[in-house]
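**Student:** As you go down the protein sequences, you meet chains A and B in turn.
One point on numbering: in our numbering, the residue at position 430 of the first sequence is 430, and numbering is uninterrupted.
One point on numbering: in our numbering, the residue at position 75 of the second sequence is 75, and numbering is uninterrupted.
FYI, nobody ran anything at the bench for these hints, they're computed from the structure.
Accuracy of the hints is not assured; some may be wrong.
Among chain A residues calculated to face chain B with C-beta under 10 Å, some are [said to hold, decoys possible]:
#1 43
#2 44
#3 47
#4 66
Here are the in silico distance ranges between beta carbons for each label pair [claimed, not checked]:
#5 A:25 to B:72: 16 to 26 Å
#6 B:67 to A:110: 22 to 32 Å
#7 B:93 to A:227: 51 to 61 Å
#8 B:69 to A:46: 15 to 25 Å
#9 A:474 to B:93: 25 to 35 Å
#10 B:72 to A:49: 14 to 24 Å
#11 A:75 to B:64: 19 to 29 Å
#12 B:38 to A:101: 39 to 49 Å
#13 B:64 to A:50: 52 to 62 Å
#14 B:61 to A:50: 53 to 63 Å
#15 B:64 to A:95: 54 to 64 Å
#16 B:69 to A:486: 36 to 46 Å
#17 B:108 to A:68: 16 to 26 Å
#18 A:49 to B:38: 23 to 33 Å
In this text, a Cβ means the ideal position worked out from N, Cα and C, and glycines have one as well.
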Amino acid sequence: MMRNPFRTLPHEVRRLFRLPPTRDRMLADADEELRFHIDAWTEEFRATGLSQRDAEAAALARFGDPNEYRAHAAGRVARNARRQRVTNWLMEWLQDVRFALRHLAGAPLFTAVTVFTLALGIGANSAIFSVVHRLLLDPLPYRNGDRIVALKTLGSISFIASSASIAADAPANPPSNLLQAWAERNRSFEQVAGVEPVYLSLLPDGRQDTVTHAFATPNLLELLGARPAYGRGFRSDEAKPERRHVAMISDRWWHAAYGGRADIIGQSIGYDSAQYTIVGVMPAGFTIPMVERTLGGLQIPSPDVWLPAPIEETTIAYGLLRPDVTAESATRELTAIANTSAVPIRGDSIRARAMRASDFLSAREVRMIAVLFAAVGALLMIACANAANLLLVRAWSRRREFAVRLGLGAGRMRLVRLALTESVLLALVAGVLGIVIAHAALRVIIALRPVALDRLADVRIESAVLLWTAAISVITGVLFGGVAALFSASQNVADVLRSETRSASTGGVSSRVRSTLIAAEIALSFALLVGAGLLARSFTALERTRLGFDPHQLVSIDMLAPGPLWRGAQRPALRESVVEAISEIPGVTAVSMGSLPTAGYRFAAALIAETGDGPRAIGVQQTVTTWIDAHYFDVSGIALLAGRVPHAGASDETLLPPNPPAGAPVGPRPAFRRLSEEVVVNRELARRVAPDGNAIGRRIRMESPPAMGPPGSDAWSTIVGIADDIRLPGARDDAQRYQVYTLSLTAMPHPTFMARFTSVPPNVEAALRQAVQRANPSLVARRLERADDHVREAMAPTRFTLGLLGAFAGVALLLAVVGLYASVAYTVNQRTREFGIRIALGAPPRAVAQLALADGVRLAVVGLFAGAFIAVLATRALSGLLYNVEPTDPATFIAIALAVGAITLSASWLPARRAVRVDPIEALRTE
Amino acid sequence: MPRDPKDLLHGTLDLLVLRALAGAPMHGFALSKWIDQRTGGDLGIVDSALYKALNRLEDSGDVQAEWGLSDNNRRAKFYSLTARGRRQLRDEVASWKHYVAVVTSVLEPG
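Isolated chain A, as found in the complex:
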């Protein structure tokens, strides 16, 4: 590197050009001033008659310590020099920014295209990063969020609801005795808290609202690190039986039912024949943490009334990890406690797990997010390549300017810095626009989200996302700007200035780099498109799934029945009156009891069957149980393949919990598990019970899972009918493989009715509510579900991934095509003279066109081959998301290759055509 020649300029020249004095000069000045001062005073004293020596001594004496002053002056010079350097640096930098801004403003089209290209890449990245942040990085938005785990057992006990997303190893809530043991004996947690949502509840005091409530241990908010929105939380002694007459309400309900009034504290609410005093309001938007919404499931993530309860009355439990304890070691301790003999649990060993919030995502959902994250990464790379290309073209056209600057002594580093300032500036502007794009993209993501990713409902662009966006903007700017910057600085001054007279050259290095970038863009977008194509094929395959039932115009409604009603003996009559009332709704063709085929109760309990050689387990570990009546199969459209519907033994009556004493605070009720004396099973289960094909007449029973179910719940049931298999699109094989249909009078544990319409009217919800009210004024209709929704929801993860990946791939292709078009157009432009000569010499137009097209075709072919290679490697990541299609499906590869080939050809053809029309005279004259 050359030394700065300006540093050695004589002082006078520096002054002339107003350059700041050098350090040495300033020190010399200070010395000269000091000398002058001493000399002047010496003379002054000499005038009073002192000898030269005495005069000098007197002058020095009145000055003080000259060495001390010199040190002071040196320090000052150093200080000022430092300040000067910082100022210089800032001034230079400001100059760079001003210069870059002027240049960008001078090329509005270039600036707009570059900024928009980058904004697309940055925006897509920020949107998906928001998703990653919400789901994986910071899933629990509480102060203690990173130390909170849910305490679960795995693959045992019971679990409510069946839906496509439920895995065999799904976490389940521990039974109360186990939870109590965990709470008392663990050393991993600072505290343990529990929640128990109660799905059926209503206010008896004249209010007809459907209000959901939940029990919580008093320390729940403290454990989370949250504070009540208003009033106070529960006190630790308020879980004791005699102190439990207090309640908190949700922020939502505080505003909805009480208008957010301040005097809510101290008011009393009646609830299931007991009175409670409201002491506080839960945090705004509070939901039960780490409870995923599943369609057909009964979880209520945001209850409106909260009542205190001790830990043993809850089942959804959380632990606050001690600072030095990991979730893994907590898991080991929970498992050890669960399997010690001191805990009275029957059955096999229990697997326990302390789950972080991000652990609740299934492998498939994590894969989905990872694929999308990779896709936006590729998209950003394409955007960068495009921007780098544009910059290179610009740098090429500005190479003379740069060469002149270098020739005049500008440092190469300064030129690199200038180029980088320009690109980072572009990227930052693009980042701001990218935030806008990300915001719009998040709207789409929220609208498309599958229920399994329901937490995305409130995904926002948070500060972490902004930080991410800023970071990738700067990195992007350095990445794509670096290429052009190095190119600008690496030129040989003399070569550039000389070659400028012969502009036919298109710049060897520059054009090679540009070609590589374009080919890479085509390759990446091809790989993305193949991914989207494979998902599209999966989606059509899913749509063709044979469901085994008819989801069209089929709805279900479940209801709340106050305690006395659903415990009473008048239940058969109640059932009749509900069926009758629903049947009267116009458009209803059939009504039955029972939940939708897509939403039964999954029991993870081994099935025992009577075989020729006595009862034995048949290797069925979980079944989906549906409570039905005699009309269920007609209404659902599930074919009854053999036998008949059950008639006898609707025996859930015997399993009802004892009535609590009047006025006592309500506690959670035990779950029900009991099959009627006669049951129907599906074909798959029948095959397991009797491989010889004669399952009818055989008896089965469920083995009670450890510590669950009252005695007698494992009585025998006889198979009287065989129903067709049902299947949700994309469901895992075992999620709905084994079905048991059991007769019920009231479809325990809460009455659910199904209605088939000729066409579901728009006001169906209101009509059903009224019908239920007509049947019995104490019944309150709760939730309407449509079978169509369930089927659609089963395909939602695929639709979600397909929609986003498809959009990203489309944008990627668009960018690549624009890049290719611009590159070919630029080349044609550069070679205008050459084409003119060829045409003048009599070359046929076709040959000229081929020549012009050759570059584009070469790039497209290289890009396609590289893309196919990338796709073969990358689509393997999709395997868990594909359905009935191989990750290397040749048809998809070929179809996409043809499409991309055609599109890239036309993108090259458009500018190439212009080469043919070159007017030779015109072309030669312009030089």
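Dock chain B against the given chain A, drawing on the hints supplied.
**Tutor:** Just chain B, lined up with the frame of chain A:
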């Protein structure tokens, strides 16, 4: 009001320098002579302190320096007040007078 005695000293010296330069630009020697004549040497200020004050005022922008020729044709650095320095002088003279008046009114018996 400055609390550190050194600050008080610096402040007073700066004020004197500013006042000295209020008339015409002068070099350090002339300045030290001017202060000597005006104070009769009563303050016992060493000349290096004056130069430090000049440096301080130059760095803060109250005073600007330029090389020129002295009466006996030697290169000397001439100091003059900037606009900012004049403003500073006016403000400080006013606050000094106020300070003295207040303290005097306390010390003088009724």
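**Student:** Taking the numbered hints from earlier one at a time, note which ones the structure violates and give those numbers from smallest to largest.
**Tutor:** 3, 6, 9, 12, 13, 14, 15, 16 and 17
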